[in-house]
Structure formats: structure tokens, C-alpha cells
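Asks: Listed below are the residues making up each chain.
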Amino acid sequence: MPTRAERTGSPVVAAAITPSHQRPARAASRPASSLRRLWSGIWRLWFFAVVLVAWWVLSADSTSTFFPPLRNIVGRLYDLWIAGDARTNAWSSLQHFAIGYALAGLFGVGVGALLWKFARVGRAVSPVLYFVYVIPTAALLPAIMAIMGIGASMQITIIVLAAVWPTMLNTLDGMRGIDPIKLDTARVMHMSALRTVRTVVLPGAMPQIMAGLRHSLQIGVIMMVVSELVASESGIGFFILEAQQRFAITDMWTGIIILALIGSVLTFLFVAVERVVLAWYIGARAVEKKG
Amino acid sequence: MSPLANQEVSPASTTAAAATAPVLSVRNVEKAYNVGRPDEKLAIADVSFDVAKGEFVCVVGPSGAGKTTILRCLSGLLPPTSGEVRFEDARLQDVPDRLSVVFQDYSRSLFPWLTVNKNVAVPLKVAGVGKQEREDRIRTVLHAVGLGDVGTSYPWQLSGGMQQRVAIARALAHQPDMLLMDEPFASVDAQTRFDLEDLILEVRRQLDITVVLVTHDIDEAVYLSDRVVVLSGAPSRIAEIVDVPLGRPRNQLTTRSSETFGRLRSHLMQLVTTA
Chain A
0 MPTRAERTGS PVVAAAITPS HQRPARAASR PASSLRRLWS GIWRLWFFAV VLVAWWVLSA
60 DSTSTFFPPL RNIVGRLYDL WIAGDARTNA WSSLQHFAIG YALAGLFGVG VGALLWKFAR
120 VGRAVSPVLY FVYVIPTAAL LPAIMAIMGI GASMQITIIV LAAVWPTMLN TLDGMRGIDP
180 IKLDTARVMH MSALRTVRTV VLPGAMPQIM AGLRHSLQIG VIMMVVSELV ASESGIGFFI
240 LEAQQRFAIT DMWTGIIILA LIGSVLTFLF VAVERVVLAW YIGARAVEKK G
Chain H
0 MSPLANQEVS PASTTAAAAT APVLSVRNVE KAYNVGRPDE KLAIADVSFD VAKGEFVCVV
60 GPSGAGKTTI LRCLSGLLPP TSGEVRFEDA RLQDVPDRLS VVFQDYSRSL FPWLTVNKNV
120 AVPLKVAGVG KQEREDRIRT VLHAVGLGDV GTSYPWQLSG GMQQRVAIAR ALAHQPDMLL
180 MDEPFASVDA QTRFDLEDLI LEVRRQLDIT VVLVTHDIDE AVYLSDRVVV LSGAPSRIAE
240 IVDVPLGRPR NQLTTRSSET FGRLRSHLMQ LVTTA
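Line order of the protein sequences matches chains A and H.
With numbering that gives the first Met the number 0 applied, the first sequence covers 0 to 290.
With numbering that gives the first Met the number 0 applied, the second sequence covers 0 to 274.
FYI, nobody ran anything at the bench for these hints, they're computed from the structure.
All values derive from a computational prediction rather than experimental measurement.
Be careful, since some hints might not be right.
[Claimed, not checked] Quick list of in silico lysine-lysine cross-link-like pairs, BS3-like style, CA-CA up to 30 Å:
#1 K116/A to K124/H
#2 K52/H to K124/H
#3 K117/H to K130/H
#4 K40/H to K116/A
#5 K116/A to K52/H
#6 K117/H to K288/A
#7 K289/A to K117/H
All chains, full assembly: derive it from the sequences and hints.
Replies: Structure follows, in C-alpha cells:
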């Protein structure tokens, strides 16, 4: 592997030789990069704006039952979700999601870490895990409904069962991938097992854990809706299905839009958290690329 | 056999050091991998040597001679198949408290998720050193390795040579009696390598610690050591233990161009290539 010194070229090496000029190789200066970020943000959204405008204009005179004018959908969206009380459905969905996702994340990281720590047990358990993992959780719905009945706990169970896997398997994979030299370093420093996990293993596996959590987030949202479509008397999924059944197609679209908005906000929040948690990783990768 | 006159600044420390009890004692160490399996492989056949307090010993050998294996046995990271390693009069079970290791590849041993300060703080936190003293020691030790104002940077923001300095600082932070180094300068360019060699000599002089350094670079071994342990090819045995009667402090230019240096160098070269 070429060293960073070799890759970054002479200026940095020179800095190492002359102590008075020691300067870390930092990223580009701030004002320029924030301007560029603003521009790239605008650039990324323009097409989205075009699609929205096109939708608005093209659907304005629509008489189709299934594709009502966007203006009507937005109006209903305001009436139902902002002025009206449909938002209780959103709260109910989000509550289930929050509990289910949190449990899936905790179980995923916890069990993944245990499978890593007790590798022998892990090897015996892994085939079973992968076998269960490939069962589409939607297929388990009838079984879970039969066992748990209908209600919040069943919906949360579905979310946990589906969303736990990406986090668990990514945690296991990330921890297995920790450089053995880092573990040697921990041993040389006499770290306790707990401190080794906290200081070395967990941060080292964090890029992969975050990737797993992100995937779990998407699956969690999907299962939140699926569980409400199949067996529920509240929630956004229930709202959409119920609207469709009484031919309130415009209302149905508002539910779908609310879902899209919730999904976007959750993803946005996740990325924001990831930028903080993985700041070191993103920075190191940028240095590597530049080198 | 007399080194150049201008190097005789201080008498060679070997004679004084040899009188005291060895700080590290390697007795008939043998190491085999995959014992009892068809792919059993003997890496180290029989290696014995002593390291006196304050001594600087380099271990060299042809590539594939099990140099890293030896170092891992010396550090307690790897139990020998037979024989024993004693450190400060106790048989090595795990990595001893008063011993530190610097690995070859700083990018693998430093924690990229921690800043330089926090990297150096880790062994101090493990040892339960209080916050105030921790900060003092971090400052002292970073200063000792010639790093000034980089504490809040991340390792990957620094050049290779600076990163290895951080790794050395971290190894020195809890004030070990002995430093084991596994090809510590192999991943940096030639000029940085010279700087780091002089740095480690200076650090050793100031802190009065014992250093065992594994390298494949014969010039480096001669330049740094009081004695050079030459390993044979795998499975390794001791080919010869060579005294280095060069004065200290050493100088990259004059020491390396001295007649003694050249003679030792060709002697070692011969040992390593024919071993």
C-alpha cells in the first residue's frame, strides 16, 4: 500500500520535515465550498421542481377519477392533514415506526456484536439467521397476526422483524472487518473487553453499521405501511386503503404524498446524523480520494 | 576497529549496559503455526538473546525470516510454542504493562475516528490517569516527537511521517520501560525515515528506555543499534549477534560514512544474504 506521504506528494512531506511549517492538509477553504454546496443543492432540486410544475399544469383540467388535479389533492391535503384530524393517523404510524426502528437498531447492533464476540456460537447460528433473513417478512404477517392479534404490538413486531436484519448483518460484518492490528493495539494498551468494543470495535464498524441502519430505516417505513394495510384501524396505510375503498381517490393521494414527505424527512434526518457520526470517515475518504 | 574520531562523543553504552541484569530475556523460543495440522509450519526454530536495560537492539534477517513473529512473541501478543520470554524478571503471559509496541503501518494502528490528542490519550485513560495530568503528558509527549500544534487534527489529515510520530507518541505516553518497534519506518519516504531514526535515538536518550526494533534495512539497524541480532532464513535461528561499536550521538552523514559503519554493513549484508 502506498503511504499517504507518497500519495499526497511533496508539500505535505516537506511539512513533516520542517516542524515550523507543520500544517495538516485540510479540506478546501470554507466560503468557496459552502457556495458550491448551495449551488449543487439548487442544481439537484430543479428537476424536481419541473416535475411538480408539469404535474400541476398537466393535471389541471383532469377529469380522470384516478388522477385528480394536483390542485385538488393539495387542497384536500390541507383540509385533511393540516386543518382536519387525519394527522392522528400520521402520529400513530410514526409512533409504531419510532419504537420498532429503535428496537430493531438496538437488537441489530447488540445481537450483531454478540455474534462477533462469540464467533464460534455465531458460526453455528449464522445459517439459521440467514435462513430466517431470506423469508420476506410480509409472508410472516399472517402468522404474526394469528399469534399476536391485531394492534400496536403486532405492528411493532413486524417492523422489528423486518428491519433488524440489515443492521445486524452489517454490524457483524463491520466488526469482523476490523483491522487485526487495531485489536493488537488495543491489547498492547491493556484495554478491557468493554473498552475495546467502545473505543475500537464500535467506531471501526460504524460506517457499516450506519449503512445497515439506513437500510433498516427504509425497510421499517415499508413495513409500517404494510402492517397498516393488512391489519389496522389507524395509521397512514390504513387511511390510504380506507380512502381507496370508499372511492375517495383524492384523499388516497394525499396519504401517499404524506408518506413520501415522511420518508423524505426521515432520510434527511438520518443523513444529518450520519454526517456527524461519520465525520471522520467522510473526511478520511475525501483525503484518500484527493491523494 | 576504531570508529572515526569525531564520533567518539560519548563512550559506547554497551559495556555499561551489559553489566546489569537483562530487561528482556529470550530463551530458546520456538514458534510453529498450525501445530498438529498438515500445514504445520515452523517459523522460528530456536532463538535466544538478551537485551540489557537502556540498550538499543535491532533484529534483522532475510525476508520471510519470521521477524514479525519474533516481535509478536517478544511483546506477549503471541505465545511461543516452546521456550520462554522473560520481561523484567517475569515470564511473559500477556503484554506486560511496562512495554509498548509501535506497529509498521500507522494507518492501521492509529484510530482514524479520534483526533491526535485523543489517540495519545487512549493508553492514559486505560491507565486511569486523571484529566489534568493526561493533558500535560499529551503535550509533553507530542513535543518530544517533534509535533507541535496538531493535537486537534485527525491522523489522516497529517503526512505519513507525522502519523508515525503520533503512533510513537502514543506508545510513549504511559512511560514504558521498553519500546518494541516492528519496521516502524518502512512506510515512509527516505528523508522522513532519516528524521524518524534520529527522532527515536533522541527520544531514547531523553527517556532512557530500552528499544528493540525489527527491520529489514541493514543500514538502519547499524545506524540505530548497540547490537544487531541477525536471524537466519526460515525457520529462524540466530545467525550471529553483532556488536556495534559506533559512538553516540550518531549522525546520518558522518556515522553512515565511517569506516566502521561500512565494515559492519558489509558483514551484516553477507550474513543476511547467505543465511
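Asks: All hints are to be evaluated individually against the structure, with a verdict given for each.
Replies: Quick rundown of the hints versus the structure:
Annotation: proposed proximity of K116/A to K124/H holds, straight-line Cα distance about 23 Å (limit 30 Å). About 27 Å separates the Cα atoms of K52/H and K124/H, which keeps this hinted pair within 30 Å; it holds. For the hint linking K117/H to K130/H, the alpha-carbon distance of about 12 Å falls within 30 Å, and the restraint holds. At roughly 28 Å between alpha-carbon atoms, K40/H and K116/A fall within 30 Å of each other, so this suggested pair holds.
Between the alpha carbons of K116/A and K52/H the distance comes to roughly 39 Å, so the proposed pair goes past 30 Å and is violated. Using a Cα cut-off of 30 Å, the hinted pair K117/H and K288/A holds, with the two alpha carbons roughly 25 Å apart. As the CA atoms of K289/A and K117/H are separated by approximately 25 Å, the hinted pair is consistent with the 30 Å bound.
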